[in-house]
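Asks: Chain by chain, the residues:
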Amino acid sequence: MSAPPSEGDSLAAYFGYGEIGDSPAEQKLQDMKRRKTKRRLWMLAGLLATGLLFYASLRVIGFNLAELVGQLDQFYEALLEYFPPTTYFGIPFVDLGAYVSFMIEENLILTVEEGQIVWGAMFVTMAVAFAGTVLGLPLALFFGVMSSERVIPYPFNFVFRGTMSLIRAIPGLVWFLILIPLAGVTPFTGALAIMVDTTGYLGRLFTDELEEIEDGPIEGIRSTGANRSQIVSFGMLSQVFRQFIAWIAFDLEHNVRAAIGLGIIGAGGLGLELYIQRQTFNYTEMMACIILIFLLAASVELASQRVRSALRDDDDVETSGIIEAFANAPRNILASTMGRRGQ
Amino acid sequence: MSTLKVENLSKQYGDVTALEDVSFQIEDEFAVLLGESGAGKSTLLRCINGLTDPTEGSISLDDEPITGSQTEIGMIFQQHNLVDGVSAYLNALTGSLNRVSMLKSMLQWQSREDKLRALEALETVGLLDESHQRVSQMSGGQQQRVGIARALVQDPRLLLADEPVASLDPSSAETVMGYLRKAAKEHDVTALVSLHQVNIAAHFGDRFIGLRDGRKLFDVGRDELTPELIDDLYGSVETVGLADQEKTVEEALDAIGDDPSEGAAEDAQRGIEA
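Chains as they are written, first to last, in my numbering: chain F, 1 to 343; chain U, 1001 to 1274.
Rather than coming from a laboratory, the hints here were simulated on the basis of the structure. Be aware that one or more of the hints could be misleading.
Claimed, not checked - Below, a list of computed lysine to any residue pairs in the SDA-like style, where the Cα atoms sit at most 20 Å apart:
{"no.": "1", "chain 1": "F", "residue 1": "Lys-36", "chain 2": "F", "residue 2": "Tyr-14"}
{"no.": "2", "chain 1": "U", "residue 1": "Lys-1115", "chain 2": "F", "residue 2": "Ser-233"}
{"no.": "3", "chain 1": "U", "residue 1": "Lys-1104", "chain 2": "F", "residue 2": "Val-232"}
{"no.": "4", "chain 1": "U", "residue 1": "Lys-1104", "chain 2": "U", "residue 2": "Ser-1087"}
{"no.": "5", "chain 1": "F", "residue 1": "Lys-36", "chain 2": "F", "residue 2": "Ala-13"}
{"no.": "6", "chain 1": "U", "residue 1": "Lys-1104", "chain 2": "F", "residue 2": "Ser-233"}
{"no.": "7", "chain 1": "U", "residue 1": "Lys-1104", "chain 2": "U", "residue 2": "Asp-1114"}
{"no.": "8", "chain 1": "U", "residue 1": "Lys-1182", "chain 2": "U", "residue 2": "Pro-1170"}
{"no.": "9", "chain 1": "U", "residue 1": "Lys-1104", "chain 2": "F", "residue 2": "Asn-227"}
{"no.": "10", "chain 1": "U", "residue 1": "Lys-1182", "chain 2": "U", "residue 2": "Leu-1128"}
{"no.": "11", "chain 1": "U", "residue 1": "Lys-1216", "chain 2": "U", "residue 2": "Tyr-1234"}
{"no.": "12", "chain 1": "U", "residue 1": "Lys-1182", "chain 2": "U", "residue 2": "Phe-1204"}
{"no.": "13", "chain 1": "U", "residue 1": "Lys-1104", "chain 2": "F", "residue 2": "Phe-241"}
{"no.": "14", "chain 1": "F", "residue 1": "Lys-38", "chain 2": "F", "residue 2": "Ser-10"}
{"no.": "15", "chain 1": "F", "residue 1": "Lys-38", "chain 2": "F", "residue 2": "Gly-18"}
{"no.": "16", "chain 1": "F", "residue 1": "Lys-36", "chain 2": "F", "residue 2": "Leu-47"}
{"no.": "17", "chain 1": "U", "residue 1": "Lys-1216", "chain 2": "U", "residue 2": "Ala-1202"}
{"no.": "18", "chain 1": "F", "residue 1": "Lys-28", "chain 2": "F", "residue 2": "Ala-13"}
{"no.": "19", "chain 1": "F", "residue 1": "Lys-36", "chain 2": "F", "residue 2": "Leu-48"}
{"no.": "20", "chain 1": "U", "residue 1": "Lys-1104", "chain 2": "F", "residue 2": "Ser-229"}
{"no.": "21", "chain 1": "U", "residue 1": "Lys-1185", "chain 2": "U", "residue 2": "His-1203"}
{"no.": "22", "chain 1": "F", "residue 1": "Lys-38", "chain 2": "F", "residue 2": "Leu-48"}
{"no.": "23", "chain 1": "U", "residue 1": "Lys-1104", "chain 2": "F", "residue 2": "Ser-238"}
{"no.": "24", "chain 1": "F", "residue 1": "Lys-36", "chain 2": "F", "residue 2": "Ala-12"}
{"no.": "25", "chain 1": "U", "residue 1": "Lys-1005", "chain 2": "U", "residue 2": "Asp-1021"}
{"no.": "26", "chain 1": "U", "residue 1": "Lys-1104", "chain 2": "F", "residue 2": "Met-236"}
{"no.": "27", "chain 1": "U", "residue 1": "Lys-1115", "chain 2": "F", "residue 2": "Ser-238"}
Next up, chain U with everything else stripped away, as it sits in the complex (with noise of 0.2 Å):
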């Protein structure tokens, strides 16, 4: 159980303003960040994480204030950021390095408690019985579903993912996100994870926040998320998710015959998916 307070956030890189005056209250949520590319969705995830410096305002876990990298903050990268060349159980164990002295880590002597947490955490992604192969051996999903583990290993109060599912399928975004969602739930943490794909936001989340130029646009829970908002968000883009949702797959099918972009194929894809 915690609370996640941004007050009059902003961050400037030299003249360009990725973010200006956020702020947003999070409590036990899933929370999701909407918003285009360059929106400032994943320099609030890094200011948060303590990976870079806010120029303004402030940030407040259960009012302590963050400084730095924390360890009561699990990160899940798009790009999974994981060490290749080891086995998932490793690379789980590397969330509780900061338990453990570097002789210790080094010989893995961490106590039997990281050590069944890790594994622990696998089978909360459902991956127990793979967590003996290399990651590089692995699916882009099930990679990424380490990731989540590893966060969950650090035994965090807060889970931020910056766009866990954009390099996925489908079917693939689905099951991640099923067990992200399962993961915080199981774990009692708060969570804010950044999304392209509306359909899927408005699938798993309980809050939405949009960001638009570095701006806060709104901040609505899960009833309140209307294709007006997405509009406003997005601008008047044809083929966001939320729109097509009430569409048949032929409708779907007869959008792509009108308008051949990868943008609509894609979207059809998932409409066909849900």
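With the rest of the complex left out, here is chain F (with noise of 0.2 Å):
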């Protein structure tokens, strides 16, 4: 198609504004010429846009690849204290004792003093996640079984899906800093964030699994003479009681994220330790925070899998690896602080 200029008027005729030919054909090469360098002339508008928006971007966050080169050392030897070296039978390896060392000194995890246990940080993190988690499971249950067609004939079932609507349109990190006037920058603000969360993603899960029941139980129960609120309790939530436990766990570990990362804007917990660490530029500190918190998330990632595809009948639970659980902590935590459900 694009051939060189071989005749005479030939540049006007390679970019399709030559002299138009006598055969249908001809006219047609012309034609798509024409078309091909208006795409041409777009493209490079594109590039041009594209270039001017980066070095306004580097203008704006200040890039300075001379002070990045400069810094080098200074990254050194902050990755010198993220993995601080040591040699375990004179074999180089990570000072593991470090990490360990700073979580019994700051009670990440939790102490025994004079006989009584005091509950570290990693347990404020899980306290958030489980309190939230049960605080929201009645207003779940509520929501869920009122926003069933089979409950509340529609359109008022519609009221209380809207309502679930709403509460997932906002992420968890925003109803805890919009629930701060509420009781402070606190662990407790950051359980009723995770309680309003959970009454809008649980209570939908519930909603979906009841719409997929069937309808033989439910007759079966009403032929026994059973009253109305009977027959919706077991006909029809005894259908689902099994599915509402796995997504009851599954709505735990997602809450257990959520309140790490909740933790890092104020609500307490392994993510609040961190973020001090942080502003104190203690890397190995740090790290020891980063490193509990891959534990925790996979863990109770792992644990909630395990229950999940045992309550399942079919295996539709797809249970991770260790390894796995471990490489998708990151993403998994980032997914549930911003509200939507990791995979």
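Dock chain one against chain two, each of which comes alone in its own frame, and use the hints as you go.
Replies: Here you go:
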């Protein structure tokens, strides 16, 4: 198509603005060349615009390659702090003892003082997630059941459906910010944010599960002469009881990850500890927090998946291996914090 | 001991007439309802049970008219209609729902009597040892027996079954029908069972009511059920069980060779089982 110019008026012909030929085929060829020229012009304009925006962005963020090179030594030092080197039996390795001693010193896990257990940051995170889940559970159940068309007739069920959609439209992170006037920048507010989030998400999962139930058992219970609420609980809810438990396990897993994220913006626990250590540039301590966060997120995920696959008859729960759970932890923590479900 | 009386029953769904002027009376019997698919068997049972309202006519149990879903009537469904995810015991116990309040039933605070009744009903159908198992882990025949147990726990005066063995293999079908018959006898209830398999019907029934196109075609006792009546009911179908009963296995197998349709194969198998 893009044959080099070979005749007199070649340049104009090459761009499709030369003499229009006689035969329809020649005319079409010119037409196509013209189109190609237009495409190229658009492409050029796009490249120019991208280049300009990129340059402007670099100016705004203060990009400085020289500074980056100058700071390399410092980054190397920071790396040595992130992963403090030591030798075990003459073999160089990361000094795990440094992490552990910080975890103990700052009571990240738990300590026993005078026979009393002092819960550490990790358990604060767990507590935020667990309390939030349990608080949100009755609300999720109420909204979930009321949203089902089989319980509340259309269009009234949409009052409950709409409320849940509204809740889901706002990420847990933002719910925390919104609720700060209620209980301060505290783990309590974190749990409240998770409660609201659970109402929207778990309720929706409940509704979806209720859509799939069969009519047979409902009729079966009706034929025994049961009253209306008994038909709902025995004919409908008992069909999905195990699935509900499985979804609760899934939601708890999600909420633990969300609680880590909420911690970074002030809801306490491991997230807050990580934030404090970052502010003081204690890289070893930061890494100790990150390791604990990974451990917590991955083990909660593994536990929840095992529970769910035991509850489900059909093996439709994907169970990930231990390494996979760790590898997915950072992405899932972010997804949960921002209100999107991890996989 | 109870009497079911159906008088001039008609049911129309829009323009379609499902039942037309059906009358009969059964008293302490194990009655079988025969007829082709679409003859009105299910509609009749659903009217008696109160799941559907008849257009005309009346139904009474011991001279009391039947209206709405009746607790005195136990229903056994073709697809058993149990709750899959919970145990056989809890499913049987749902038969007692009409006797307890919502809160008590939620907390499983049924009376000790009801709980024992549920287990005894499961014993009647031969599932006492399996009563803790989840229904979804049971075989089709066992599930249907749990369905019978649930109906028994209702302590009904009348037992209805809508093609209870239609989706079972011949051997499970015979077992389930055996338990159904036994349950009706032990609990002294009148039973009305719709069936497709003529040979099973002939083996277990005391009374036979034939429906064709929504009308009652015959209403006969055990001795009066003749192959001619069956022919009338189903048209001339060669592989209907009763006509084959005299055949030997070899003849039945020959019949498959002649006519390799599914019905023939199934029926030959039934002949072998019998």
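Asks: Work down the list of hints and note, for each, if the structure agrees.
Replies: Evaluation of the provided hints:
no.	hint	result
1	F:Lys-36 <-> F:Tyr-14	10 Å, holds
2	U:Lys-1115 <-> F:Ser-233	19 Å, holds
3	U:Lys-1104 <-> F:Val-232	15 Å, holds
4	U:Lys-1104 <-> U:Ser-1087	19 Å, holds
5	F:Lys-36 <-> F:Ala-13	12 Å, holds
6	U:Lys-1104 <-> F:Ser-233	12 Å, holds
7	U:Lys-1104 <-> U:Asp-1114	12 Å, holds
8	U:Lys-1182 <-> U:Pro-1170	18 Å, holds
9	U:Lys-1104 <-> F:Asn-227	13 Å, holds
10	U:Lys-1182 <-> U:Leu-1128	16 Å, holds
11	U:Lys-1216 <-> U:Tyr-1234	13 Å, holds
12	U:Lys-1182 <-> U:Phe-1204	10 Å, holds
13	U:Lys-1104 <-> F:Phe-241	18 Å, holds
14	F:Lys-38 <-> F:Ser-10	18 Å, holds
15	F:Lys-38 <-> F:Gly-18	15 Å, holds
16	F:Lys-36 <-> F:Leu-47	17 Å, holds
17	U:Lys-1216 <-> U:Ala-1202	18 Å, holds
18	F:Lys-28 <-> F:Ala-13	12 Å, holds
19	F:Lys-36 <-> F:Leu-48	18 Å, holds
20	U:Lys-1104 <-> F:Ser-229	12 Å, holds
21	U:Lys-1185 <-> U:His-1203	15 Å, holds
22	F:Lys-38 <-> F:Leu-48	15 Å, holds
23	U:Lys-1104 <-> F:Ser-238	15 Å, holds
24	F:Lys-36 <-> F:Ala-12	13 Å, holds
25	U:Lys-1005 <-> U:Asp-1021	13 Å, holds
26	U:Lys-1104 <-> F:Met-236	18 Å, holds
27	U:Lys-1115 <-> F:Ser-238	18 Å, holds
The structure is consistent with each of the numbered hints, conforming to all of them.
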